[in-house]
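Letter by letter, the chains look like this.
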Amino acid sequence: MKFPRLQRRTLTLIAVIVPLLVLFIYVAARSGPLAPIEVTISTVESRTLTPDLFGIGTVQARYTYKIGPTFAGRVKQLDVHVGDAVKAGQVLGEMDAVDLDDRITAQQAAIKSAEAALKQALAKQDFAQTQANRYEQLLAVRGTSEESTATKRQELSIANAALTAAREDAARLRAELEALRAQRGNLRLVAPMAGLVTVRDADPGTTVVAGQAVVEVIDPTSLWIETRFDQISANGLAPGLPAKITLRSRQSHVLAGRVMRIEPRADAVTEETLAKIIFDTPPTPLPPLGELAEITVQLAELPAAPTIPNASLRTVNGKRGVWKLVNGDLTFVPLTLGRADLDGHVQVVNGLAVGDRVVVYSDKILSAKSRIHIVERLAGVSP
Amino acid sequence: MISLAGRDILHAWGKFIFTGVGLGLLIGVTLTMAGVYRGMVDDGKVLLDNSGADLWVVQKDTLGPYAESSSIPDDVWRSIRTMPGVAEAANVTYLTMQVARQSNAGDQDVRAMVVGITAGEAGTPGWPPQLVAGRQITRGHYEAVADIAAGFQLGDVLKIRRNHYTVVGLTRRMVSSSGDPMVFIPLKDAQEAQFLKDNDAILMQRRRTEANPAFNRPGVPGLLDAVIASQTSNSSVNAVLVRIQPEFSQEEVAEPIRRWKRLTVYDRAQMESILVGKLIATSAKQIGMFLVILALVSAAIVAFIIYTLTMDKIREIAVLKLIGTRNRTIAGMILQQALVLGVIGFVVGKISATFAAPLFPKYVLLTPVDSALGFFAVLVICVLSSIVAIRMALKVDPAEAIGG
Chain V
1 MKFPRLQRRT
11 LTLIAVIVPL
21 LVLFIYVAAR
31 SGPLAPIEVT
41 ISTVESRTLT
51 PDLFGIGTVQ
61 ARYTYKIGPT
71 FAGRVKQLDV
81 HVGDAVKAGQ
91 VLGEMDAVDL
101 DDRITAQQAA
111 IKSAEAALKQ
121 ALAKQDFAQT
131 QANRYEQLLA
141 VRGTSEESTA
151 TKRQELSIAN
161 AALTAAREDA
171 ARLRAELEAL
181 RAQRGNLRLV
191 APMAGLVTVR
201 DADPGTTVVA
211 GQAVVEVIDP
221 TSLWIETRFD
231 QISANGLAPG
241 LPAKITLRSR
251 QSHVLAGRVM
261 RIEPRADAVT
271 EETLAKIIFD
281 TPPTPLPPLG
291 ELAEITVQLA
301 ELPAAPTIPN
311 ASLRTVNGKR
321 GVWKLVNGDL
331 TFVPLTLGRA
341 DLDGHVQVVN
351 GLAVGDRVVV
361 YSDKILSAKS
371 RIHIVERLAG
381 VSP
Chain D
1 MISLAGRDIL
11 HAWGKFIFTG
21 VGLGLLIGVT
31 LTMAGVYRGM
41 VDDGKVLLDN
51 SGADLWVVQK
61 DTLGPYAESS
71 SIPDDVWRSI
81 RTMPGVAEAA
91 NVTYLTMQVA
101 RQSNAGDQDV
111 RAMVVGITAG
121 EAGTPGWPPQ
131 LVAGRQITRG
141 HYEAVADIAA
151 GFQLGDVLKI
161 RRNHYTVVGL
171 TRRMVSSSGD
181 PMVFIPLKDA
191 QEAQFLKDND
201 AILMQRRRTE
211 ANPAFNRPGV
221 PGLLDAVIAS
231 QTSNSSVNAV
241 LVRIQPEFSQ
251 EEVAEPIRRW
261 KRLTVYDRAQ
271 MESILVGKLI
281 ATSAKQIGMF
291 LVILALVSAA
301 IVAFIIYTLT
311 MDKIREIAVL
321 KLIGTRNRTI
331 AGMILQQALV
341 LGVIGFVVGK
351 ISATFAAPLF
361 PKYVLLTPVD
371 SALGFFAVLV
381 ICVLSSIVAI
391 RMALKVDPAE
401 AIGG
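Protein sequences, first through last, are from chains V and D. At position 195 of the first sequence the residue is numbered 195 (our numbering), and the sequence of numbers has no breaks. At position 367 of the second sequence the residue is numbered 367 (our numbering), and the sequence of numbers has no breaks.
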């Protein structure tokens with residue numbers, strides 16, 4: 001009666017050894033470098049593509065007025081503060097006149113003195129005229145000498161010249177007064193346009209150099225976004241295209257705008273194309289100048305063409321292409337690519353036909369000899 | 001003919017298998033340790049594979065960009081692109097840092113290597129060569145492709161310095177040479193991240209500059225702004241990755257760049273020797289040392305086990321001798337048992353190592369070559385250790401069977 005016992009023992013032994021061996025074979029074949037590479041497959045579809053361009057920029061004002069004195073001087077008063085709205089022609093402040101007022105008073109006195117001198121010259125000329133007339137008449141009746149008459153004529157000429165000199169002198173002094181008054185007026189800081197005060201750089205008492213801005217006023221209706229697009233992805237950027245603007249402070253809110261102009265001069269150092277984007281309707285409240293904005297410019301829709309996801313692109317031996325699945329075998333197909341959109345779709349100009357099956361995701365670098373295992377989704381990736 | 005070894009194993013098979021499993025776990029640890037070493041080397045190799053480059057152009061006389069810091073102007077690629085034999089040249093930056101993941105449960109941070117990749121299309125050197133989910137970066141700013149090991153999922157928002165990036169694609173096995181997962185972001189963002197300080201630091205730097213009378217001159221309005229602007233911009237990259245035209249050899253392209261551009265150029269083999277020979281040299285030696293100790297300990301334990309197994313049945317062996325069994329048969333029995341034990345141990349070890357490998361935080365690579373080597377090593381150790389036991393068995397006096 002030994003036989004059944006032995007058999008049971010053998011069975012248990014097999015029950016232990018066989019799973020162990022199966023597990024071993026599974027482990028050796030299905031893990032490590034010998035395992036097939038998991039891939040996902042996508043079918044090339046013909047679809048239309050709406051390429052977008054993405055850039056970032058900062059909010060800037062198109063018109064910025066930097067208001068300051070044209071002479072070096074000291075700020076006397078400044079009535080506006082940052083955030084104040086100002087009207088065109090409004091006086092914002094004034095520079096210290098120093099001695100200019102006194103010079104105007106002196107000039108006024110000088111004009112009065114010149115006017116008195118003019119009166120004197122007028123009186124002298126009047127008398128000289130009378131004398132000259134009298135001597136002319138006397139000479140006609142031989143009542144005086146030729147010489148005396150000539151003397152009176154000469155005196156009249158001198159008086160005429162003196163009168164002209166006095167008149168011109170008065171005019172000069174008046175013009176000089178106007179010049180001083182103009183200088184006096186120039187000391188006032190006047191807003192050239194209606195706008196918003198954004199910078200107040202100096203307070204009363206501060207000395208500023210000629211040309212230094214004391215107050216900066218912007219035109220709040222002229223806000224635009226100075227946008228930078230990488231040159232490599234700026235193909236098709238043109239004025240008038242619609243744009244979506246996302247301000248950093250209002251990320252959930254997409255504002256509408258459009259491309260106003262492409263700068264004729266690109267940034268050579270950063271390899272970026274610069275463009276100005278304007279808002280369709282200025283947002284309220286106004287975004288602060290210098291705020292970061294993300295710009296997505298929508299280009300016109302392209303005609304339908306075979307399209308692949310950009311995740312399927314691989315580089316093999318310096319050529320860009322995809323791994324195409326033909327009868328279960330992998331073949332690398334070099335491609336000529338067309339436009340791409342921001343969602344990762346790329347149009348294929350040459351190399352693939354609609355309905356071809358290509359590898360999209362893979363765990364490892366593929367080669368033509370790779371054993372593959374097609375799955376719906378790669379391990380570890382949540383849906 | 002009856003297999004003596006088989007009979008003996010069957011006689012106490014439970015004990016035998018448990019001993020084999022125990023031995024197997026030990027072998028499993030040894031295999032895993034070898035896997036850890038291979039994983040370290042592989043981390044370095046995938047780093048080079050994934051960059052897609054044939055040549056690395058770095059700052060003169062540095063071992064950059066992985067083993068040392070290297071900094072070159074970001075417009076150097078243009079002149080490199082014009083060198084003979086260069087098919088593609090792309091800027092790249094590498095920066096290992098903590099990357100914060102924003103989630104509802106609060107911010108968590110993971111250590112990651114942030115790679116700044118130049119704008120272009122998929123397949124440009126430096127770009128992830130393949131993805132496991134999502135798509136490649138299409139926007140020039142604020143998008144990221146992250147390695148799955150960092151724990152990111154598609155649509156996650158991660159924070160680098162003060163900017164937020166949306167994860168649009170996932171990769172697997174894109175790691176730095178120290179095994180940190182990679183996060184790919186556009187180059188311009190990465191340049192900024194490398195240089196961008198926190199807002200406090202920027203403010204303080206601004207104040208410092210303002211306090212410097214050389215920069216803040218009342219007679220020159222605008223000078224201070226220009227100085228501050230130049231302080232907060234960064235136009236450096238760590239390396240230029242070069243892909244060469246197939247008809248050129250690596251040295252043919254590298255030499256003119258070294259000579260005329262006065263930059264250091266490494267090819268694939270040199271880069272590998274830097275990574276494996278210099279960057280992970282000490283840690284690899286450490287692991288190697290540990291591996292040797294483990295192998296010795298395993299060998300000793302196998303020897304002890306076989307020795308005690310033999311000693312357990314020393315009486316039976318004496319009986320066998322008494323009934324006139326030839327020495328060869330007895331030696332064969334012990335040897336066969338040792339080999340079976342070794343095979344069971346190896347099978348269990350291989351299985352346990354394979355299942356344990358993914359649990360390790362860093363990559364553990366079990367290569368078939370290592371497994372084969374391990375198998376033969378186990379067999380050799382078993383044979384050698386059974387020799388001691390065989391000597392004991394052959395020396396036993398048959399009288400012991402009836403004596404003791």
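It cannot be assumed that every hint is accurate.
Pairs of lysine-lysine residues, derived as BS3-like cross-links and limited to a Cα-Cα distance of at most 30 Å, are as follows [unchecked claim]:
(1) V:LYS364 / D:LYS395
(2) V:LYS364 / D:LYS362
(3) V:LYS276 / D:LYS285
(4) V:LYS364 / D:LYS285
(5) D:LYS285 / D:LYS261
Across the chosen pairs, the derived CB separations fall in these ranges [as the list claims (entries may be wrong)]:
(6) V:ASP329 / D:THR96: 34 to 44 Å
(7) D:GLN231 / V:VAL199: 13 to 23 Å
(8) V:GLU168 / D:LEU223: 24 to 34 Å
(9) D:VAL227 / V:PHE71: 44 to 54 Å
(10) D:LYS197 / V:THR281: 35 to 45 Å
(11) D:LYS197 / V:ILE25: 26 to 36 Å
(12) D:ASP225 / V:GLN108: 39 to 49 Å
No lab work stands behind these hints: they were computed from the structure. The C-beta atom is built at its ideal place from N, Cα and C for all residues, glycine as well.
Comparing the hints with the structure gives:
no.: 1; hint: V:LYS364 / D:LYS395; verdict: violated (58 Å)
no.: 2; hint: V:LYS364 / D:LYS362; verdict: holds (17 Å)
no.: 3; hint: V:LYS276 / D:LYS285; verdict: violated (59 Å)
no.: 4; hint: V:LYS364 / D:LYS285; verdict: holds (28 Å)
no.: 5; hint: D:LYS285 / D:LYS261; verdict: violated (37 Å)
no.: 6; hint: V:ASP329 / D:THR96: 34 to 44 Å; verdict: holds (40 Å)
no.: 7; hint: D:GLN231 / V:VAL199: 13 to 23 Å; verdict: holds (21 Å)
no.: 8; hint: V:GLU168 / D:LEU223: 24 to 34 Å; verdict: violated (49 Å)
no.: 9; hint: D:VAL227 / V:PHE71: 44 to 54 Å; verdict: violated (27 Å)
no.: 10; hint: D:LYS197 / V:THR281: 35 to 45 Å; verdict: holds (37 Å)
no.: 11; hint: D:LYS197 / V:ILE25: 26 to 36 Å; verdict: violated (57 Å)
no.: 12; hint: D:ASP225 / V:GLN108: 39 to 49 Å; verdict: holds (45 Å)
Checked against the numbered hints listed earlier, the structure breaks hints 1, 3, 5, 8, 9, 11; every other hint is satisfied.
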